[in-house]
Amino acid sequence: MTGPRSTRRSGAQLIWEVLLSEGVDVVFGYPGGAIMPAYDTILQYPIRHVLVRHEQGAAHMADGYARASGKVGVAVATSGPGATNLVTGIATAMLDSSPIVCITGQVSSKFIGTDAFQEVDITGVTLPITKHNYLVTDVDELGPTLKEAFYVARSGRPGPVLVDITKDVQQAMTEWVDDGSPVRLPGYRPRHALHEDTLQRAIELIDAAERPLILAGHGIVRAEASAELRAFVEKTGIPVGSTLLGLGGFPATHPLSLGMMGMHGEAWVNHAVQEADLLIALGMRFDDRVTGRLDTYAPGAKKIHVEIDPSEINKNVKADVPIVGDVREVLRALLPRVQKRTRGPWVARIEESKGHSAVRDIKHLPHDGRLFAAHVMHDLWRLTEGKALIVSDVGQHQMWEAQYYKHDHPRGLVTSGGLGTMGFSLPAAIGAAFARKDDEIWVVVGDGGFQMTACELATCAQEGIKVNVAIIDNGYLGMVRQWQEFFYDGRYSATPLKSPDFVKLAEAHGLAARRVETREQIADAVAWARNTPGTCVIDFRVEQEDAVYPMVPAGAALHDMIRRPAHSPIVETSEDP
Amino acid sequence: MRQLRTFVAHVEDRPGVLNRVVSLFRRRGYNIESLTVGRTEREGVSRLTVVMEADDDAARRIEANLYKLVNVLLVDDLTNAPNVTRDLALVKVKATPESRPHVLQLAEVFRARTVDVGSETVTLEITGTTDKIDGLVDVLRPYGIVEMVRTGLIAMRRGNSEVVREVGEVVAA
Numbered sequence: 001m002t003g004p005r006s007t008r009r010s011g012a013q014l015i016w017e018v019l020l021s022e023g024v025d026v027v028f029g030y031p032g033g034a035i036m037p038a039y040d041t042i043l044q045y046p047i048r049h050v051l052v053r054h055e056q057g058a059a060h061m062a063d064g065y066a067r068a069s070g071k072v073g074v075a076v077a078t079s080g081p082g083a084t085n086l087v088t089g090i091a092t093a094m095l096d097s098s099p100i101v102c103i104t105g106q107v108s109s110k111f112i113g114t115d116a117f118q119e120v121d122i123t124g125v126t127l128p129i130t131k132h133n134y135l136v137t138d139v140d141e142l143g144p145t146l147k148e149a150f151y152v153a154r155s156g157r158p159g160p161v162l163v164d165i166t167k168d169v170q171q172a173m174t175e176w177v178d179d180g181s182p183v184r185l186p187g188y189r190p191r192h193a194l195h196e197d198t199l200q201r202a203i204e205l206i207d208a209a210e211r212p213l214i215l216a217g218h219g220i221v222r223a224e225a226s227a228e229l230r231a232f233v234e235k236t237g238i239p240v241g242s243t244l245l246g247l248g249g250f251p252a253t254h255p256l257s258l259g260m261m262g263m264h265g266e267a268w269v270n271h272a273v274q275e276a277d278l279l280i281a282l283g284m285r286f287d288d289r290v291t292g293r294l295d296t297y298a299p300g301a302k303k304i305h306v307e308i309d310p311s312e313i314n315k316n317v318k319a320d321v322p323i324v325g326d327v328r329e330v331l332r333a334l335l336p337r338v339q340k341r342t343r344g345p346w347v348a349r350i351e352e353s354k355g356h357s358a359v360r361d362i363k364h365l366p367h368d369g370r371l372f373a374a375h376v377m378h379d380l381w382r383l384t385e386g387k388a389l390i391v392s393d394v395g396q397h398q399m400w401e402a403q404y405y406k407h408d409h410p411r412g413l414v415t416s417g418g419l420g421t422m423g424f425s426l427p428a429a430i431g432a433a434f435a436r437k438d439d440e441i442w443v444v445v446g447d448g449g450f451q452m453t454a455c456e457l458a459t460c461a462q463e464g465i466k467v468n469v470a471i472i473d474n475g476y477l478g479m480v481r482q483w484q485e486f487f488y489d490g491r492y493s494a495t496p497l498k499s500p501d502f503v504k505l506a507e508a509h510g511l512a513a514r515r516v517e518t519r520e521q522i523a524d525a526v527a528w529a530r531n532t533p534g535t536c537v538i539d540f541r542v543e544q545e546d547a548v549y550p551m552v553p554a555g556a557a558l559h560d561m562i563r564r565p566a567h568s569p570i571v572e573t574s575e576d577p
Numbered sequence: 001m002r003q004l005r006t007f008v009a010h011v012e013d014r015p016g017v018l019n020r021v022v023s024l025f026r027r028r029g030y031n032i033e034s035l036t037v038g039r040t041e042r043e044g045v046s047r048l049t050v051v052m053e054a055d056d057d058a059a060r061r062i063e064a065n066l067y068k069l070v071n072v073l074l075v076d077d078l079t080n081a082p083n084v085t086r087d088l089a090l091v092k093v094k095a096t097p098e099s100r101p102h103v104l105q106l107a108e109v110f111r112a113r114t115v116d117v118g119s120e121t122v123t124l125e126i127t128g129t130t131d132k133i134d135g136l137v138d139v140l141r142p143y144g145i146v147e148m149v150r151t152g153l154i155a156m157r158r159g160n161s162e163v164v165r166e167v168g169e170v171v172a173a
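Chains A and B supply the protein sequences, listed in that same order.
Numbering-wise (our numbering), the first sequence opens with residue 1 and increments by one.
Numbering-wise (our numbering), the second sequence opens with residue 1 and increments by one.
Only chain B is shown next, with the shape it has when bound in the complex (with noise of 0.2 Å):
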């Protein structure tokens, strides 16, 4: 079944390992729709959230793939399983006398923080699924989004399920 796709890549934080990881994508032709990337609980390790658009044929494969690149630990595909996942946006959107307690309102409704306020301008920080945010930049667009800017998907499974115990040993999650 085609469906956007959470994977998870733990990887040695080393110099070019990102690249190896982007460079594989788009010699496979796999299109990315978010990547983030950050520090893990292990030193030394890395850890990538990918989404895409996949198959089940071309989700095995992607795994694999990267299970070929040397610097990579673990994969986990997390779409099926129970997961958090969580994107950050910060949105600043016109905010004019007269509209500001709107856009305030519908920020306190999303449970959007205002992190700064301008003249003509109101800035949200928001945390959240990537729907929840998605609807807030619903509801803020016709009062004139000035500037965007989202950080893409992290995701963690659910539960005590420990996926990786140590660098390299791979527990059955």
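Just chain A, with the same shape it has in the complex (with noise of 0.2 Å):
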């Protein structure tokens, strides 16, 4: 360390130095030659650090981190394969407005485009799969940079930032000290101003419309709006559609929840969209999971379209009231200019066409021995009282979660959404675990996905990490599977999977490790992973062919979709099997 007079410092401790003061006590990452002197310098820091298998497991666990705690992840990498490992899980962020700070190592300055060894142009690679990154070839100019990068991260829209620091520069002294100034990005304005004219506009349409309906987004989350998108919805007696990345953001056991809408959503809510006369969008960016085949979209409804980035106005959905701002603040402008009212006969008529949905509902399924996914999701809603924190991974059991689990609380799920990266939840589970230490935490995460990033096993053994997996095997990679039925006359190209026996692959690494085949098996074993210390598998072997119901084929219009096929007869409840 420095004596007590000099702030003369390396730029490797200089970065450390930052990180502590952004309030960073946890990295995830991976050594190698470029980062050396990084890596070197942390052990003088009371930053914690996770040692990774892969680095793309070092950015979702930074983003998981992010998602879970609505703090900046920090990620950490070499030069040159490192940095490139890191760019799937770079694109998540994007793609999901996620908070994270990527490090990377970089050849010394002198030798930047020599393809010197472990060279590679990720500040190039990531160009399009950032918010904004930065090559550091200068130690002045390591502080103020790192502070930046923060800075951006976590502001406006928030996003991904690559900081790529040369080997040089971490070895390089530096008198830098930060002095408290504000980072001056005079090119970056995250805040918008909302204007009175169209905050008025919006109130006229909301108090006129007879079949309105809100479409909350991933935004309500982010901005941490969910209080007041509640009081919002208690007065004016709207219904909420959530999008994937929006469940939580409104509780799911409200009376005016509709659940998910979109590719996968509810018949009730799709149809709700279709019949609207007022859609209000709040911080979602209507994408095509979302809205079907946009020309038949929502054809009656004028669009208000809530939303903190303005290249997100007019994308998709025309919106007839733009409202470019904070989500938060928006609803807050609003709420007191409302009128106060009820909805009843459009709520009535949406109450209707839920319960025509109820006898397609798997839940009422007679029980014939065999195990479904959805009563996987079900029980270990009910068996968590719908209370932890769940880390869904990409494919059908992520949108049987999202069915099924219902969530109360914002950050309670955590999936991937826009870039649907395959093998996120683990990785990303591990990052939750570090912001929610007290929450309990379970990876819902198919037999595909798993094996995508399941060497993170050894990451949970290693640092002592308490979360469940609940692998959902079914023993294909299911959601294509489903398409060669749907559409592709049922050739199962490349969707066949054999797998490691998953509780000896848990048991190798160390962790405790159960499988379920039966539905009776699956409340004694979920109670045994919660209570039994370290990382838990569980190994649930599901139907083989089940599809995800409903479904909106790809490009097809929103209320044209497939339903599962009516069982009969209705059996009211299977909360106890």
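Quick caveat, the hints were computed from the structure, so don't treat them as lab data.
We treat Cβ as the ideally placed atom computed from N, Cα and C, and that holds for glycine.
Some hints here could point you the wrong way.
Here are some chain A residues pointing at chain B (derived, C-beta under 10 Å) [to be verified]: (1) N133; (2) H254; (3) D309; (4) K318.
Reconstruct the complex from the two isolated chains, following the hints.
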């Protein structure tokens, strides 16, 4: 360490000092040649380093940490392959607006451009998948650059920022001192003033609407606007549909919550969208998985689009009233001015359509001994009282989770929505575990996705992390298999999946594991995992060729859903099998 | 309305900024007709002039997307504003002893300057709007254009409208 009066220290030391001042207490990374000076000095600072098994895991962990906490997550990697291994994780964070800072080592500045050992132009590679990135070749620029990186990552529409630091910068000495002055970025304007006339137009539309619907997106969670949304809903009586990433932003068990909309949204939500006379989109971007075919989307509805990123306005769906701003501020501005009313007939109409769907719900399927993934999700929800933090992967299980685990709290679900990154869940859950030390965390993952990042089980073991892993194991790459069944005449090209014995695999890592093959075994296995220290793995052997319903085929109109065949007789409840 | 649009972007003069702008256009699928970049009256600020075809909605999104780049200070859509635009071309055209007087006459009509004369060619420099340069190129084509280079458009608002008073401080244009 430096002497009491001297501010002179190396770039490597400065990295951790700035991180500490930004409130970082854990980083996820993997050392290598070009980042060794930084790794050498981290030992001097109270920052926990989590050694990952693959740098993709580091980026997902930083992302999971960020989503679970609302703070900035940090991943560290060396140059070349270390940096390129981060790419999928960075793109995942970009598409879901997750604030992470990735610090990569780079070859010394004199070697840049020479194709030196482990040299990759990572700022060039990540240009389109970062919110912003930097190459630091001057140690006096290092401090301000890192401060900027955190500021850019967390402000406005959040996103990943990469800082590539040459080895000589890490080794060089600097006198730079943070004087506490705010970051000066003249071209960066993350905040937008609200305009009175657009607010007024929005209020007029809201007050006049007979069949309005709120579309709650990730922005509700990001902006911590759940309380404001609830107050707004309860005053206006407007029902709420959610995007996948919006789940939990409004309580799923609230009477006006309709659940998820879109490709695998509930039928009554999609019909409500199509029948609405007003859509109030809050912090969402009309993704194609949410809208289906655009020219038939919500044909009778005016649209109010509240969004922090101006480039999302009129991108997919034309907004009658666009409001650019922080969704919490917008809701606070609208709340005192909208009329208090109920929308009885409209809500009753949706409720009726909900009732029609119950006959198709797999929850109500007469019990015949088969284990369905939906059973696992439903039972997991009941057994954890809806209070667990679920980190889901990508595929069928992700949709079943979204349908059957009722999220009542924001940041109760962490999942890769925009990029749809298989392999996201286990590392993201490890990151989340550092953000939410007192919360129960469950990974819900398919047998395919699990094998993409299963190496991080070793990280769980080494770091003493407690997460529970529910593998929804159907022996197929299930979502692709489902598409093949529906749209490719059942030709199962490259979707049957032979997996290792997951119980033995977990045990080989020194972790506890069990297998569940019947519904009767679920409760016991879940209780066992909850009460067993350390990461537990449960291999749920579910029905192999089940499909996620309803399904709006890609490019079809939102009301054009493939429905689960109705079954009879209806069993009113199978809450207790 | 779909039309050719002229955007001016004031950007920080830093390594890689042009790359960021061009990468944005490529990624979002916008086709660039013309792109120029150069210094401005202010230290540390460069100015890009981009011409591309876009309708009104796309134009607004181009602007919004440019603003998402941290190094972009200000974007100004000059398309429908009173403006001055200039393009510069060097045109090397075949000129035999017989045709040379005709070529030089045409150059004079278009107020092009003769910047070089070879034994079989004449090189002309012309500055003006895109239309004017296109006009000269059209009339020279029958003589045989050997080589041509154009800088692409630069543009500025007419009158006193001061767009940016200071780096980053946006003033209503």
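Hint check results:
About 9 Å separates the beta-carbon of N133 of chain A from the nearest beta-carbon of chain B, less than 10 Å, and the hint is met. For H254 of chain A, the shortest C-beta to C-beta distance to chain B is roughly 34 Å, which exceeds 10 Å, and the interface hint is violated. With 10 Å as the threshold, the beta carbon of D309 of chain A comes within range of chain B, its nearest partner Cβ sitting at about 7 Å, so the hint holds. Proximity of K318 of chain A to chain B holds as hinted, the smallest CB-CB distance being about 8 Å (cut-off 10 Å).
When the structure is compared with the earlier hints, a violation turns up for hint 2 alone.
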